[in-house]
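First to last, the protein sequences are chains A and B. Here the first sequence is numbered in my numbering, starting from 3 and rising by one per residue. Here the second sequence is numbered in my numbering, starting from 148 and rising by one per residue.
Hints are computed from structural coordinates only; laboratory data are not their basis. In this text, a Cβ means the ideal position worked out from N, Cα and C, and glycines have one as well. All clues given are correct.
Reference listing, derived: stretches of chain A covered by chain B, where coverage requires no fewer than 3 residues with Cβ under 8 Å from a Cβ of chain B:
(1) 82-92
(2) 263-275
Now the in silico label distances, taken between C-beta atoms and shown as ranges:
(3) B:Arg408 <-> A:Leu66: 57 to 63 Å
(4) B:Asp453 <-> A:Gly74: 35 to 41 Å
(5) B:Pro314 <-> A:Thr234: 41 to 47 Å
(6) B:Lys440 <-> A:Arg65: 26 to 32 Å
(7) A:Gly99 <-> B:Glu575: 54 to 60 Å
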Amino acid sequence: MSKLARQVGLPKLPAALSPIGRFRALSFPYRAPSTPRGVRPLRPKARTGADYDTDWSRRPPARLARAAIIEGPMRLAVASLAAPDRRGADRLAATKGPVIFAANHHSHIDTPLLLTSIPEPWRHKMIVGAAADYFFGTRITAALSSLVIGAIPIERSKVGRRSADLAAELIDDGWSLLIFPEGGRSPDGWGQPFRGGAAFLASKTGVPVVPIHVEGTGRILRKGRSLPRPSTTSVTFGRPITAEDGENATRFGARIEREVAALADETSSDWYTARVRAHASESPELTGPDANGWRRTWALGDRSRGSKSRKRRWPDI
Amino acid sequence: MASDSRRTAPRPGLVLDVDQSTPPVLFHHGEGFRLEKLPADRSRIIYPAEPLPGLPDPDESIRQALLNPIEDDPLPSLLTPGMKLTIAFDDISLPLPSMRKPDIRQRIIEQVLDMAAAASVDDIHLIAALALHRRMTEDELRHCLGDRVYDAFAPQGAIYNHDAEDPDGMVELGLTRHDEQVTMNARAAESDLLIYVNLNIVSMDGGWKSTATGLSGYSGIRHHHNVATMQKSKSFMDRHKSELHHSNWRQGEVIKKNGPRIFQIETTINNNTFGYDGPMSVLQKREWEWTAKDRATFIGMKKGLDMMPTAAKRAIFNGWKAPYELTSVQAGDVEAVHEVTLEHCFKQHLVPVEGQTDVLTFGLPYICPYNVNSVMNPILVMCLGLGYFFNMYRGKPLVREGGVLIMSHPTPWEFHPVHHPSYIDFFEQVLSDTTDPLELEAKYEKQFAEDEWYIHLYRNSYAYHGVHPFYMWYWGASALQHLGRVIIVGGDKRAVRRLGFQPASTMQDALEMASDVVGPAPSITHLHNPPILMADVT
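Just chain A, with the same shape it has in the complex (with noise of 0.2 Å):
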């Protein structure tokens, strides 16, 4: 309006008569307080990371743009992209009720492939654990990531109450979580150690952990790069296990870690080979050598499957 008046040369108005003017000349208690000097301010209340509040995106309108986004356009990028091999879902022919899946990472298209891959009844009733400091960094990330994918904040740079015990509610009350308990995409191809929250929440709960193993999402978009580069990969999902009497949460993570290296072994060799070095404890780590630069890149071939193409059986003329 001032500007108008500007405009339309009318006189200025003196401030005490202008509301704006008005609107600022009030004090305490209509308007805030301010802090006096030499006293610490409280900490502003935090809408972002571990404390953002994800309930809405559980509730039904938000439950079914996610089904939409899921079965409509991510599938479709999930089949350009990294046109899955998908194996061991008959593995949860059994199971029912919540689950706790665990999966290897090296990419940000993992989650997408894993929530086209993980069969009903657990795909359209899944929160993921997504790390809080990076998805939940900015209001607009973190309101994506909750619609988009369901994700949950998860604190990964210290040990938080919260995360776990919203997690832990959550399961309680049916909803099975996607994790990636390497706590981070893959730096250099291989896995990283397998943290504890999995096996800590499957035991707080008493619910099943369900391993799975990811190849080749690395070669779509691996850490450090922007732009997706169409490949194959493979999900293989593995048998659901419980944490057994007397077994801690570190145990049972190590099992855990351990199942998931016993199906990057089938997924490299096949089933009966990777059973007999599961059972000899011989199956190969999912952190690889423990040697530095280029040692490591160079063992990494090792792991890859063998190309699906077909060998021409003529040179082209």
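Given chain A's structure and the hints, the job is docking chain B onto it.
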């Protein structure tokens, strides 16, 4: 809610006396259905029990069965590095229809192999014990064993179909006390341990029949698959009164003495063929309990099927995978295990029935053990009706001696040229000459059994053995001897007459034709299927 109570508290089978208010009853009719009104006050319908609940944790039940076998040592203690291990399993003929993934055989074999992996066993072969049936295709083996097992063993040639005509692949184990030859797949016979993975859908399967027939060849099988044995079997579903089984058990004695150590794993499934929900579930409900939705579904399905070409109908039905659930699994000694299996089988299938009937009716479905992913030809119609359904009794046959059997099936004059080449010649050449089992056995069996072309097709294509159509005919020999007349409703007239039976256009016509044999106003019993049942006739 209704489906929940059916799952948790299934009702037993029942015998319903038909009255004026009884709705028309469902008849299978090949790849279609018929609804027939049976005469009131002299008809009864035997309804099967509802599906028993499946085991809550099948994988754990399998593990427990392997670790705590009946009259045998735990499986892990039988597995040693360097041993020669063979796993034989039932072929495509079981279950019917094929079950949804994962197949029970896959569940069991994965656990067996996991134990073998823990024991570092390297020399393992997996053999489809198909006797003289057609070979299983890669897709069928994958469905049965799962991709993990198939991909681990097939590339090394360690998964294959039993070949009863391989001159180097069979061995003789000796003679029974009745001078019956016992032959066996050489790899299985020479193994340190033979693990047999069975799937029982009816009480006829399993026991020594698994190995004595499944891994045998013509020279061994002919001792029980013959007219005399079949006619003495009352019935095939009652092992203790079946000469077929007695012969197999005698062969089992020889296998026990001269053959490999056997670890038998047997399973039973419930009769949940078409599920509790979905469009096909109406087929296993009792007609008076059909809801408006069920009726609408049935009408839509029937009209749709009636309009479809046969090939499309077959594709739909062959694509159906039954949601069967495991009701028991037991492992260990062959005979001890089989007795437990029979108890579980009977628990699902037996329905007490008082007295025999003048006329027995039933509808024949689109599938039998020998036409999975194939065509139900007229010979298989005869075998399924007279060999299998007629024999679904314990005690006495449902129909009295000299009574009439009325079956409903389109009985097309049609054969699968790859699967059933010898059936075509049997139908054209043998049945046009005689339908008498004894006569055709004496005159033609040897010629078909030793025909080199049929042997070649059995070994290298996907054909049933040359002698197989004879066995199908013998399978019905006991019923042929027992019955006064066989009538097929809605069948191809020429094909039905070639079988030696009488065609009828409608059920009413068939009942009138039956009265020529059993007199006016005969008693009628309808064996309701699906799903499978077995009458306990007193």
